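J.: So the sequences go chain by chain: S and R.
Residue numbers for the first sequence, in this note's numbering: 79 to 442.
Residue numbers for the second sequence, in this note's numbering: 23 to 346.
Since the hints were made in silico from the structure, they are not lab data.
Some clues are possibly wrong.
As the list claims (entries may be wrong) - Here are the simulated lysine to aspartate or glutamate pairs, EDC-like style, with alpha carbons at most 16 Å apart: (1) Lys275(R) - Asp305(R); (2) Lys420(S) - Asp267(R); (3) Lys257(S) - Asp77(R); (4) Lys311(S) - Asp151(S).
Unchecked claim - A few chain R residues facing chain S, derived, Cβ under 10 Å: (5) Gly87; (6) Ala88; (7) Gly96; (8) Leu97; (9) Ser127; (10) Gln130; (11) Val166; (12) Asp265; (13) Thr266; (14) Ala333; (15) Asp334.
Stated by the list, open to error - The calculated label-pair distances, taken between Cβ atoms and stated as ranges, are: (16) Glu223(R) - Ser339(S): 57 to 63 Å; (17) Asp228(S) - Phe288(R): 48 to 54 Å; (18) Pro342(S) - Asp318(R): 43 to 49 Å.
In this text the structure is predicted, and so the values were computed from the model without any measurement.
Each residue gets a CB set at the ideal place from its N, CA and C atoms; glycine is no exception.
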Amino acid sequence: MLQILSPSGDVDSAGLPDLSSERMVELYRSMLTVRTMDTRMLALQRQGRIGFYGTCKGQEAATVGSGAAMTADDWVFPALREGAVLLMRGYPLEKVMGQLVGCSLDPTHGRQMPCHFSSREHNFVTLSSVIGTQISQAMGAAWASKIKGDGNAVIGYMGDGATSSTDFHCALTFAAVHKVPCVFFCQNNQWAISVPFEKQTASDGIAGKAPAYGLPGVQVDGNDVLAVYAATKEAAERARNGDGPTLIEAVTFRLEGHSSSDDPTRYRDEAVVAEWRARDPIARFRNFLELEGLVTEALDCDIQDEVKASVDAAIVVAEKAPPPEIDTLFTDVYAQVPHLLKEQRDDLLAHEHSDRENEGAFPL
Amino acid sequence: MPELTMVQAVNHALRDEMRADDEVVVLGEDVGLNGGVFRCTADLFEEFGEDRVIDTPLSESGIIGAAIGMAMYGLRPVPEIQFSDFIWPAFDQITSELAKMRYRSAGQFTCPLVIRTPYGGGIRGGHYHSQSPEAYFTHTPGLVVVVPSDPYDAKGLLRSAIQSEDPVLFLEPKRIYRSPKMEVPDDDYTVEIGKAAVRREGTDFTITCYGAMVPVALEACKKAAEKGWEGEVLDLRTLLPLDTDALIDSVTKTGRMLVLQEAPKFCGYGSELCAIVAEKAIDVLEAPIKRVAGFDVPFPYTLEHVYMPHADRVLRGIEEMMDY
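Extracted from the complex, chain S is given alone in its bound form:
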C-alpha cells in the first residue's frame, strides 16, 4: 500500500510529491473546509433545515488528494462523497446551499436530493443515486476525449459497494480494451451502508482486481493525502500519455453513517470506529504541516471560523430564497416541451394557488 505520511505525520522527504508549500496548505484548507461543512450540515439536517446529507468525514484525504491531482479541464464523475472536489474547483457556496436546501438558487431547480450537485462549467457531472452507473459513463467520456484527441483525462469515483455492480465490470473491461484516459477511483471506506467490505467481496482488496481486466491497480493509504495525490497524479499522467486507465483503491473509513438517515451503531462495533478515528486524515496532515512549520493552531481556528461563517451566511441566503418556479417541473425533460406535457403544465399552472396550499404535506 502506497504511503508517504506515517500515521504520526513523519515523512521521508525523498518520497514527497512535487507540491509547493502554498499548495499543501491549500489542500489542508480544503480538507478542513469539508470537515467543518459536514459537521455544520449534519447539524442543520438534524434541525430539519435540509432534508438529507451524506458526509465525507474520514475520507477527506482521499477526496481532496485525488481532486487536487486532476486539472480543471479534466471531467469528474462523482459518487456521493465528492462534493469537496466541486468546491475546490471554485463552485460558489451559495449554490451549494441552494442545492442542499432545494431552493431557486440551485441551478438544477431543486430536482434532486441534497448532495447531488452538477456544474458543466466546472466539468463536474451530475450524479444519480444509482450505484455504479457513473463508472461506465466516466469510461465513455474518457473514450470521447481520446477520440477527440483533446489531451484530457476523466476521473470516475465509486465506493467499495459499487465494485460489485455491473458497471464496474463493464467500465474496466471496455476501458482497458480501448485504452481510454480514465482514472477509476474507489473510495474503499469499508462500508456499503451496513454491509462491511468482507461481505462485499472475498477479494483481499479492490486494486488487486485490476490486473485481471488488463489495467494497473494501485492501493493507496486513503488517509494520507499526499499519497493519494501522488497516486492520482501518476494515473492521470498515464492517461494523458495514452497509456490507458488505472484503478486506484484508497483504503479509508466512513466515520459517520452512510447518510443522515442511517444509524451505524446498529451494525458496527464502536471500537473499530474509534480505531479509525485515531487515524484521522486531517490530524495526520496537520502533524506533518506543523512539523514543516506551515500551519499553526491559530490558522486552524481561522479556517474553521471562516467556513462556519460563510456556511451560515450562505444558508441564510438559501433559506430566504423562494422555491423553484413551478414551471421548472416541466422544462429540461426534452429540448422542447412536448405537446402533451404543455397540456399538463398549463392545467397545473391554472390551479397553481390551490396546489401551493398543499406544500409541505409530504415531508421527506
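With chain S fixed as given, assemble chain R onto it according to the hints.
T.: Quick look at chain R alone, frame taken from chain S:
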C-alpha cells in the same frame, strides 16, 4: 432513384450522417468489420475507421453507459443493441441515466444519442429475438421513441434522430428489414420526429399502428373495403412524444378506433392511445374501441404465426366495430 431495403436505408442514413458530422460514431457488438448481424453498419468500418465504427465488448450496459459518457462529452454516438430483447442489462442506464440527464442537470449535460435496435417478431426468433419492448420505454419521460415502417421513413427519421438534441430509442421492425424495397432518395432529406402519417385515407374506422403492423393494417383495410368499409391507417412513427392531434383528428373523422400492436395487449402502448381517446374524444366514438395485439404470453417459436396479429384477425376486429 435507388430502390432500397430498410436495412440499406438505415445504412445510408448512418453513412450520410457520419459524412456530414465528425462527431457521429457508431458502437456496438459486431458493428465493425462484420458490418452488423443484419448488415445495417456494412462498409462503415472501411470508410470511417475503427475510432468511429467501434466493436465493443459484449455488454449492453457498457455500450449504453459508454455512449452516455460520449454524448455528454460532445460526441453523437449511435449505439446498436443487436436485438431489442438484449436491451435489459442497459435498462438502468437508459431509464435512470440517459432519460434524466438533461432534467437532473437542468440542461447542463445532455445526451444527443440514438440507440438503434431491431425489434419485433416474424423471423422465427423465439422468445429472445422477437419481442416488442416499446411500452417499457414510452413510460419514461425524457426519451424519444421512434419506429419507422418503411425504408424511406427509416432513412429520414434516423437522420432526424441523429441530429436531435434528445436521446432517441430507434426501434427497427426487423420483419420488414429486407422486404419490401422502395425508392429512397440519395439526397439529405429528413422526416420530422413527432409527426404521424396517414397511410390510407378512410371514413369508417381508424387503425393506429406502427412498424411491421402498418402493412398488416393496410392488408386488413383492403379486405374490409371488399365489404364496403373504408378504413384509415394512422402510422404513428413517433410513439413518444405522441402526435396527439393526428390521433384525435383521425378518430374524430371516422368514429371508430382499432388499436393494433404486436406486443402483449395488457398495459401495452396501445392502451395509452385508448386512454387518450377516451379522455379527449369519447363522444365521437360510434363503437367500443377494439384492441388487436399479441397475446399476454412470452413470445412463442413454433406458433409465432398464430401469436402475431395478421390481417384476418384485424378484420375480425373491424367486423366487431362495424357490426356494433
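J.: Each hint: holds or not?
T.: Each hint, compared with the structure:
For the hint pairing Lys275(R) with Asp305(R), the CA-to-CA distance comes to about 12 Å; that is within 16 Å, so the pair holds. The hinted pair formed by Lys420(S) and Asp267(R) meets the criterion: a straight-line CA distance of about 14 Å does not exceed 16 Å. The suggested pairing of Lys257(S) with Asp77(R) holds, with an alpha-carbon distance near 14 Å, which does not exceed 16 Å. This hinted pair checks out: Lys311(S) and Asp151(S) have alpha carbons roughly 14 Å apart, not beyond 16 Å.
Evaluation of the Gly87(R) hint against chain S yields a held restraint, the C-beta minimum of about 2 Å falling below 10 Å. The closest approach between the C-beta of Ala88(R) and any C-beta of chain S is roughly 4 Å, which is under the 10 Å cut-off, so the hint is satisfied. Hint status for Gly96(R) relative to chain S: holds, with the closest Cβ pair at about 6 Å, below 10 Å. A distance limit of 10 Å between C-beta atoms decides the matter here; for Leu97(R) the minimum to chain S is near 5 Å, and the interface restraint holds.
At a threshold of 10 Å, the smallest CB-CB gap from Ser127(R) to chain S is about 4 Å, leaving the interface hint in force. Residue-level restraint check for Gln130(R) holds (minimum Cβ-Cβ distance to chain S is 4 Å; threshold 10 Å). Because the beta carbon of Val166(R) sits about 7 Å from the nearest beta carbon in chain S, less than 10 Å, this interface hint is met. Hint status for Asp265(R): holds, given a least beta-carbon distance of 8 Å to chain S, under 10 Å.
For Thr266(R), the suggested interface contact is upheld, since its CB lies about 6 Å from the closest CB of chain S, less than 10 Å. Nearest Cβ of chain S to the Cβ of Ala333(R): about 31 Å, over the 10 Å cut. The hint is violated. About 34 Å separates the beta-carbon of Asp334(R) from the nearest beta-carbon of chain S, more than 10 Å, and the hint is not met. Taking the beta carbon of each, Glu223(R) and Ser339(S) are about 59 Å apart, inside 57 to 63 Å as hinted.
In this structure, Asp228(S) and Phe288(R) meet the distance hint of 48 to 54 Å, their C-beta atoms being roughly 49 Å apart. As the Cβ distance of Pro342(S) to Asp318(R) is approximately 46 Å, the hint placing it in 43 to 49 Å holds.
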